[in-house]
Amino acid sequence: MTLLSVENLSIRLPKGADREHAVSEISFDINPNEIVCLVGESGSGKSMIAHAILGLLPPKVHADQGRLDFAGKDLLQLSKSETMALRGGDIAMIFQEPLTALNPLKKVGEQVGEAIRVHQPTIAREALTTRVEELFTQVGLPDPSRLRKAFPFQLSGGQRQRVMIAMALSNNPKLLIADEPTTALDVTTQRQILDLIKDLQEKRGMGVLFITHDIGVVADIADKVVVLKQGRIEEQGPAASVLDTPTRDYTRMLLDAVPGRGSVQAGETHANPLLEVKGLQKEFVTRQGLFAPPRRVLAAGNLNLTLREGETLAVVGESGSGKSTLARMVLRLIEADDGAILWHGKNVRGMGREALRQYRRRAQIVFQDPYASLDPRIPIGESIARGPMIFGTPRAEAEADTRQWLDRVGLSPAAFDRFPHEFSGGQRQRVCIARALIMKPELVIADEAVSALDVSVQSQVLDLLSDLKSEMGLSMLFITHDLRVAREIADRIIVMQSGRIVEMSAAQTLFDAPQEDYTRRLLDAVPGRDFFARQQARAAV
Amino acid sequence: MNKTLKTFLSRPAGVVGLTLLAVVCLMAALAPVIYPGSPWDMAGAPFMRPGQNHMLMGSDTMGRDIASGVMHGARVSLLIGIASTLAAVLIGVTLGAIAGFSGPMVDLLIVRATEVFQTIPNFVLAILLVAILTPSIWTVILAIGIVSWPPLARLTRAQVKSVAQREFVQAARCQGQSSMSVLLRHVLPNAISPIIVTASMTVATAILIEAALSFMGLGDPNFMSWGYMVGAGRTVIRQAWWMSVFPGFAILITVVAINLVGEALNDALNPRISRA
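Same order as they appear, the protein sequences are chains G and X. For the first sequence, my numbering begins at 522 and goes up steadily by one. For the second sequence, my numbering begins at 154 and goes up steadily by one.
Everything labelled a hint here was simulated from the structure, so no lab data went into it. Hints may be right or wrong, so weigh each one.
Capping the alpha-carbon separation at 27 Å, the derived lysine-lysine pairs in DSSO-like fashion look like this [stated by the list, open to error]:
| hint | chain 1 | residue 1 | chain 2 | residue 2 |
| --- | --- | --- | --- | --- |
| 1 | G | LYS581 | X | LYS159 |
| 2 | G | LYS594 | G | LYS695 |
| 3 | G | LYS627 | G | LYS670 |
| 4 | G | LYS581 | X | LYS156 |
| 5 | G | LYS670 | G | LYS628 |
| 6 | G | LYS581 | G | LYS594 |
| 7 | X | LYS159 | G | LYS536 |
| 8 | G | LYS601 | G | LYS695 |
| 9 | G | LYS961 | G | LYS990 |
| 10 | G | LYS536 | G | LYS594 |
| 11 | G | LYS581 | G | LYS750 |
| 12 | G | LYS536 | X | LYS156 |
Here the structure is a predicted model, which is why all the values come from computation and not from measurement.
Could you put the whole structure together from the sequences, leaning on the hints where they help?
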């Protein structure tokens, strides 16, 4: 029996949007005890479908065609009270960002209890507490009786997502909708949450609609796959057949764009060291009140590393491992507590104002979030051209240079006068790359430079970076949480954990024969690893 | 710029506010043309009802033409409103930007100084300043400026602090721009819109403070002002409502107009709304 059947669904967008319909003529079924994955790039309309099922479409957006058949009723025709009874009852949802989806001022146990009480108003207090603790145990939260009294900020990202899952499960839903539930999490935590969802789904025989942009995740958990492109279904079918023998170019493109499957980079060079970091220390201290001892977080504990000329060094680690702090300390955007940073043998930490300016010209950075790293009030051409102008290039020449660079990073030179918000994320990241490279740097620091981008855009930007790198003989310090990306671009890889270097070796060695347990755990957590390994093995035969 | 203007004009609040404000400005500009004499001069018998004896808004207890007073009063109100706000913006934005962008010691000093000013009730301080400095149009402007800057300083500081943490500011630093240039070219332009909006509201508050000062007899005796007229007509409001109602209405219209303009500016200066 079908649990939910989506028939010919179209969702209309308000006038002035980039297209008329968010999604058009979508049809697929979800059966009990089945995980259906909706895959697509950002803007493909996958979240809209989930929101339509729960009646959560934003104002001015509505379904103008089709049926959502759930237990014999059309969800689109339900009254408000019927929808409310269904929401959190038979159909529950997990959101992407567990920090914003929880009320920061309420204890997590109460929040889960509230979800139960809404649907069972008569439940006794003791029964409620027992039920909450039971749910917490089921989702693998340690020490439920203590944890239910915690506030969201006291939990880690993975724990918060577990609380969200507990809340979603609180009324034994038949259908669980998970909207990118692991995108904001680290690889290892992502792995645990995926396992948990799969496990719970099997135990409870739920139907799950799982929305993701990561085809690796799909390969790990999906029974059935629906591939969306710009609001239309490209392809759907059982996971094994869609992934192993895709019939559409778009699906193939998504599969090919997953990073980290090509051969690794050549490896170690013996050129002169460009940048040396010696015994770098940094500790963040936050006061917690007059009498409480201050909280100390180690961001860098005795870091030592060398970057040689023309080399790409990737720094990999989970969030909070200190990798971004390292990048910022190298540029002195954050001051280190102790240690030395040597640039061509000269200590950066002792540089005066003018020397620092000259140094920063040679060492440029590309930030993670292309939305935040461009001044929204200045045309992008101006943002790029300002760099060389500060160092004395006449305006006309700097502007001509900028137009050339826009062309080189794959944007039209006519983009010069446009504002950042007129570009997509990938285009903005190209602008940021142009802004860094027009300074003719020797070193580019890429701080999670592709993490905020879709897989297909990610591979384009990675290609661009490695092309420009070999053209200009750049060295690169590449900060990322994604081992697959590191594999794509790095000669050598450093693995960091809690401010310390766990392992440092050539890319090939790290992937073939990891030395440390932690590295092995990171490697195992990479989504879709088995699937792609199988695929590669097949290709080799 | 063009698009900012377009959004501004697409808001009903902006159009209405701007029209009302234009009327007030026109009154101020045309006052000496339509009523060439001094508004302090007697123009007829006292206690004339509106329309009697060719006096559009009637006359006051001394036989002065109320319409003339309202027109001339517009000049004083606008002058004081704008000049004192400029003074407040100059002090507030400078201090706020310095506090937000420099080290923790300077920040602490400026914040404490601002707090000292904030603990003193605005109006009491204004009365005190004007009383000590003897009432004149310049001392009134100075007094209002001095009591109005702390909110602007706090807002500027908060804005600058939050913008300064954004990545594009760090990117500008990495481009080698000096701190001054980063502050002036990247931080302030991105922090300025709420400051402009608050400043436009400050103009309205300044007009009200001026009216209140004149109401208490602390205005410049050489300039006819709305607040003075309301104050002078207050004692006879039951016999002659028009003496306080027309200047009071003028104050209301001006303050509402400025607030509407401020609101529309808020939308127009938001790049996500205006350049979408």
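Quick rundown of the hints versus the structure:
At most 27 Å may separate the alpha-carbon atoms for a hinted pair to count; G:LYS581 and X:LYS159 meet this at roughly 24 Å. In summary, the hint linking G:LYS594 to G:LYS695 is supported, as the alpha carbons are separated by about 15 Å, within the 27 Å threshold. A threshold of 27 Å between alpha carbons decides the hint, and for G:LYS627 with G:LYS670 the separation of about 9 Å falls inside it, so the pair holds. Proximity of G:LYS581 to X:LYS156 is assessed by CA-CA distance (about 25 Å); at most 27 Å being required, the pair is judged to hold.
Distance restraint check for G:LYS670 and G:LYS628: the Cα-Cα separation of roughly 5 Å lies within the 27 Å cut-off, and the hinted pair is therefore satisfied. The suggested pairing of G:LYS581 with G:LYS594 holds, with an alpha-carbon distance near 24 Å, which does not exceed 27 Å. Restraint check: the Cα-Cα separation between X:LYS159 and G:LYS536 comes to about 19 Å, which is no more than 27 Å; the hinted pair holds. At most 27 Å may separate the alpha-carbon atoms for a hinted pair to count; G:LYS601 and G:LYS695 meet this at roughly 20 Å.
Straight-line distance between C-alpha atoms of G:LYS961 and G:LYS990 comes to about 11 Å, which keeps the hinted pair within the 27 Å bound. Of the supplied pair hints, the one linking G:LYS536 and G:LYS594 is violated, its CA atoms being roughly 30 Å apart against a limit of 27 Å. For the given pair, G:LYS581 sits about 22 Å from G:LYS750 by alpha-carbon distance, which is consistent with the 27 Å threshold. Distance hint between G:LYS536 and X:LYS156 is fulfilled; the C-alpha atoms sit about 19 Å from each other, no more than 27 Å.
Going down the numbered hints, you'll see the structure goes against just number 10.
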